[in-house]
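Trainee: Working from the sequences, and respecting the hints, build out all of it.
Number of protein chains: 2
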Amino acid sequence: MRVVITGGAGFLGRRLARAILARGQLAGPDGAPRAVRELVLLDLVPAEGLDDPRVEVVAGDLADEALLRRALGRDADSVFHLAAVVSAQAEADFDLGMRVNLDGTRRLLEACRALPRPPRLVSTSSVAVYGGALPDPVTDDLALRPQSSYGAQKAMGELLVADYTRRGFVDGRVLRLPTVSVRPGKPNKAASSFASGIVREPLSGVDAVCPVTPDTKVWLLSPRRAVEGLVLGHELPSAALGDVRSVNLPGLCVTVAEMVAAVAAVGGPAAAARIHFVPDPLVQRIIGSWPARWDTSRAERLGFAGDRDFESVVRAFVEDDLQRPGEG
Amino acid sequence: MRVVITGGAGFLGRRLARAILARGQLAGPDGAPRAVRELVLLDLVPAEGLDDPRVEVVAGDLADEALLRRALGRDADSVFHLAAVVSAQAEADFDLGMRVNLDGTRRLLEACRALPRPPRLVSTSSVAVYGGALPDPVTDDLALRPQSSYGAQKAMGELLVADYTRRGFVDGRVLRLPTVSVRPGKPNKAASSFASGIVREPLSGVDAVCPVTPDTKVWLLSPRRAVEGLVLGHELPSAALGDVRSVNLPGLCVTVAEMVAAVAAVGGPAAAARIHFVPDPLVQRIIGSWPARWDTSRAERLGFAGDRDFESVVRAFVEDDLQRPGEG
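So the protein lines, in turn, are chains A and B. Under this note's numbering, the first residue of the first sequence is numbered 7, with each subsequent residue one higher. Under this note's numbering, the first residue of the second sequence is numbered 7, with each subsequent residue one higher.
Selected chain B positions facing chain A (Cβ under 8 Å, derived; list incomplete):
| # | residue |
| --- | --- |
| 1 | Gly138 |
| 2 | Gln153 |
| 3 | Arg173 |
| 4 | Val250 |
Chain B regions said to be covered by chain A (calculated; three or more residues, Cβ under 8 Å):
| # | segment |
| --- | --- |
| 5 | 141-149 |
| 6 | 157-168 |
Which residues of chain B face chain A? A partial, calculated answer using Cβ under 10 Å:
| # | residue |
| --- | --- |
| 7 | Glu97 |
| 8 | Pro152 |
| 9 | Arg172 |
| 10 | Gly248 |
Derived from the structure by calculation, the hints contain no laboratory data. Where is the CB? At the ideal position from N, CA and C, for every residue including glycine.
Mentor: Spelled out as C-alpha cells, the structure:
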C-alpha cells in the first residue's frame, strides 16, 4: 500500500515514518493489515535521514495541486496530514496560515476525493480549537471558540474532514493533540515552543527563555505517545468513530513550575537554573486561551494512552534525542 | 452611510431592505445613528420591486472579487450577508455549496478587510450547524456537528466571521436563524422548504406536499421577527457580543401536526386537506438532524424576540403576503 505523510520532513512526521517503516504494515481499505510498499514524505523541504527503499521524498507547497497529485499517486491508501503553519506564525501572518492550514487542507481533501477509493486520512488538530470560558476539564461536546487564527483554521479543517467523511470522499479521523513535548531540534514559531525549549535547552547546557508564568498550566503529550496515537488513529475501524470524527487525545496537565522541577530532577539544579522567565503577553494570551485538560474518556475507550508523569517524559527525551540524536 | 445586502434579491433580503429604507438610518461606526444614503442589493439576479433613489442594484456572482469591490464601494459601513446556496441544494451539489457558502463568504470578508474602516457585518447562520446527538434544548455551548454540507459550510463561515472580527478586519455578528416560515413565493431547494409550503400553498388554494412525518418538530421564526432580528443584530454595540459572535435567535418549537392545525384554524379544514404527506427520507434525515429548540436566554438578554404562537405567524403571512402580495 501507498502511504503519504504531509509535514513528512518535520520532527513528528519523520518519527511517524520510522514507526511505520518499523511496523512494516498498516490497516488496508478493508481493515486487514497490508504491507507498506511506498511511504511518501511530502513537505516544503526534502525529508532527510530516512534511508529506506520504501521512502519517496516529495518537496513543495501543499497548496500545489499537481504536487499533491504526484504525492498521492494513482491510488494512495492512507494519508497522515501533519503539515501546518504553527500557532504564533499563523497569528503573525494571517494570509500564510489561511493558505496552508485551510486551503492546503482543502486541496489535500480534494486530491483524496479524486482517488479511485476513499483513503484513510489521519489529520492532526490542536488544543487551540478551544477558547473562551473553558470548563476544567473540557468535554467532547464543548463548542469550539478558537482565540487564534491557527485554532480557527484547525477548527475549519475539522469541519472539512468530517463533511468529506460523511460524504464518503475520505475516511477521515482527526486527532486533537495536546502540545507535543519534548520536541527535539530548534525552537519553532508555535506559541507552545517553550514547552519543549525549557526542557531541551537546559538539558543540552543552553539557556532557555520561558515566556509564561510558572503557574501556567499546559496539556502535554510526549512524542512517543503522539506517534502511537497517530498509528492507532489510522488503525481504528471507521465505525469506531461514528459521526464524531475528532478525538481529544489523552494528555498530561502540568504547570510550568512542575516542568521546571522535572528538569531539575533529571538534569540537576544547574539545568533548571538555565530557565529564565521573560514574560511575553502574546504567548501568555494564546496559551492561556487553550484548555489545560480535557476529558479523555472517549479516547481511552478507543485505546489511546497518554503519559504517566512529566519526569518520565523528560527521561524519554534524554534517551531518544540526547543520547541517540540521529534517530529523531 | 452605505449599506450592502448580499442575497438582496431574495425574499428576506428585499424585506430587510424595505425595513431599512423605512427606518432611514442605522448605527454608524461609532454607534450613533446615521442616515442610510446608499443601499446596495447584491444578488445573482437583479433585485426587483424596490423603487427608491437610495437603492443600487448589483447583479453577479458572490465569488467575483471585482463585483464585491464594486458593491462595497470605497467605504461601505455595513454589510448584511444573506446570500447562500440552501441546504438541500448544497447537499445535491457539493462544489456549488462550497463555492458560494464558503468561498463566497471568505471573499466577502476579504473585501471587507480591504475597506478603510472595518464594517459591521451581519451574517446569517442556521439550525443546520448543529447535528448528532442533541440535547433539548440545545445550549449555546454545544459543539457544532453539522450533518449536511450546508451546515458544515455555515459553521466554517461562523469561524471565519469570528476570527476576522477578533483580528479587527470586520465587526461581525452571526445570527443563527430558525427556519424562516412562512416564506412567500415559490418552493426553494432548502430541505425546510415544506415548512413554508404547507402553509402558503393550501392558503392560496394549491395542494402541498409535506415530506416529513406529522410528529416532526421544527424550530421556526416568522419573516417579521427575522427582519427585526437582523436589524437588532446590526444595532447592538460590538461589546454586547464579546468573544462569542454567534447568537441563537429565539424561535417557536412546533410539530408539523400543529402547523397543519394552524392552517385549519386560519384557512378552514379545506385548506388543511390540501396538505399531502409524501415521505422523503433525505429531507427527513436532514431536518431530523437539526435541533427542534435551543436555549435562547442569551438572545433574549440581547433583546431578540421570537413569535408568540404559530397561528399568529400564519395570520401575519396572510396579512403581509396574501392580502398585500406586492410588498414581499
